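Asks: Those protein sequence lines, which keep their order, are chains A and B.
Just add 1110 to wherever you are in the first sequence, counting from 1, and you've got my numbering.
Numbering follows my numbering, with no gaps: position 171 of the second sequence is 152.
For lysine to aspartate or glutamate, the following EDC-like pairs were computed, each having C-alpha atoms within a straight-line distance of at most 20 Å: (1) K(-5)/B - E1376/A; (2) K(-5)/B - E1384/A; (3) K59/B - E33/B; (4) K78/B - E1421/A.
Hints were generated in silico from the structure; no laboratory data involved.
Just so we're clear, the structure is a prediction, and the values are computed from it rather than from any experiment.
Each chain, letter by letter, is given below.
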Amino acid sequence: MADSNQGFSDTQKFCFDYYERNVCKKPGCSLTHKRKNHIDVVQVKPRDGCVIGRLKTAPLCRYFLRGYCTHAGNCRFRHEIIPVNMRNVPNTNSNQPSSTNTPSTSATELQNANKSEDKRASRAESSVHASAASNMNNGKPGEAAVNNAEGAACSPLKDSLWVNAPEFVPKSIATKPLSYAAAVNPTGAVGNNNSTKQLCPYANKDGFCKYPPGECSYLHGEICDLCGNAALHPYDEELRKKHRQDCIKQHEKNMELSFAIARSKEKSCGICFEVIMEKANGEQRFGILPNCNHCFCLSCIRKWRQARQFENKIIRACPECRVTSDFVCPSLFWVDTKEDKNKLIDDYKTALSTKDCKYFDKGVGKCPFGNKCFYRHAFPDGRVCDVGPPPRQRRRGPGLDNAAIEVLQVRAEFIHLYRIIEFNLQQVILWDFLDERDNPWQSLAEDLEDLADFFSDSEESDWSDYDLFIS
Amino acid sequence: MANIAAQRIRREFKEVIKSEEVAKCAIKVELLNDSYTELKGEITGPPDTAYEGGTFVLEIKVPETYPFNPPKVRFITKIWHPNISSVTGAICLDILKDQWAAAMTLRTVLLSLQALLSAAEPDDPQDAVVAKQFKENIEMFQMTARHWTNVYAGGPHVNKECDDKIKRLVDMGVEEHQARVALSSYNWDIERATEQLFS
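Given only the sequences and the hints, what does the whole structure look like? Please build it.
Replies: So, in structure tokens, the structure goes:
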């Protein structure tokens, strides 16, 4: 049992459940029950003892007034017995029974309740109700008073006599039963309301509605000459326009695709000589060289560029025209024009720049391409890192190899000498030596092979062995 | 054999057969086995050269890694050329070695060889003796090449003088080809050739 006082005292804390959903199921909730968009809050104590906040302005619960509301404390309507001397009953607006022709249950119950206590109360209620009724459009004070008097004449509030209570008839039905069409379109204005009506999804998508003509409750659009679907809204100009635009866009896309297929389907690879679009699944991809217009399938041109038996200059050149390209751009279709090609390559670079570089490895590794790498150099926390230009290329050459190894050997001999003389000094020199070995002659180390493969004579890097495609 | 190599040779084979060079009888390719690994090529000597009128037979071996590696080609027909070994028929041509490109075909290889016959490269020789002769005595080289084309490749230019000299050496018990090589190497100086043969 909650003390409502506490709830009132702490007006700053609102009950979330009540605020959002208008229902608080926590017995003894001490928070203020204030509802969204409403200001007045009142806490009442219903019969079952649950404390629940309700709006002062909430309508009276019809079931409570009958005495058997199953929602008990959780009912969103007002569970309240109007006190005898309550003169200023809040006007419960249109939800209150209004029609004088159909004496409402609540009115009757109110009367019954009141009558059981005081005769005067019935008069008061009658007058209150009559005045309330007179506020209504079709209110007839005199008649209302008569009806109320009749209601008051009924038996007191006893379960056995409830059956005698007049049947509750909602106002809307009482006035005039509405047809479905009238309910959907109460104004009868065809143009205005049809424009908001939806198109039949069956007729729109499949071109066939299972309902016979005229029986479908949705609108059947006019045939769009572009897509062939009944998708043009017959009344709403905006929707028509939108559909036309979508259709044209889709049409352009389709045209582009069919052009792309048309210009691609005859193309054969300059290496395997097969028609690329007729290759096995997964191999129907073009490898576009940025600097020339010769056509290869991606797998062949990649294989060629990885051939170890030739010089970099040879394998990085186009097998047909010997123009060097720094990378191969994968593509599903052949590109003819320079604009298409530039767009494709830009898209490719953009796509790569979102992927983490496997050499940089989120800061763990070192990327031989430096800031020329197409891939993203970012730390695990997302910070992008500029690693500077790629280190200068060191070519594998017997001269360099031998010279470097010789220097290393000489140094090693010196170290050996120093080791004999002085241990500490040896430590220093050894580290010095290791440092030197790791840095300037790194390319001579075991990773030389890997590193050298990425550089060409033009000092540009080759990204072609990266296995990434634009989806 | 890798699938790609066989398939490509098959395609190329069709291409060569249909090509206009075949129509002009300039080049020719024949299959030697069913697996497309060994072929026989033929090129005719280019016009206005010492090789004019001759037909040169080539042995073509297609590696498994073709077309990522060049085919192995050598002359079966004996030929007097600075870039072709007069002994083995091995060819020194960059595109058959480090300048190969995967887009090259049997047809382009044969046409390149034909071009090589008309434009020798004595500074990058395969046969040093021939290259020396080519650089020092082009007339002698032309005559020798024409004679070789006549004898081995069916060329039309019969050189009576050469035939006589060879006959003399053959009469001395020297094998004919050996005699021809010796005479060709020594600018058809029969004394020096004899000296070399019998030393």
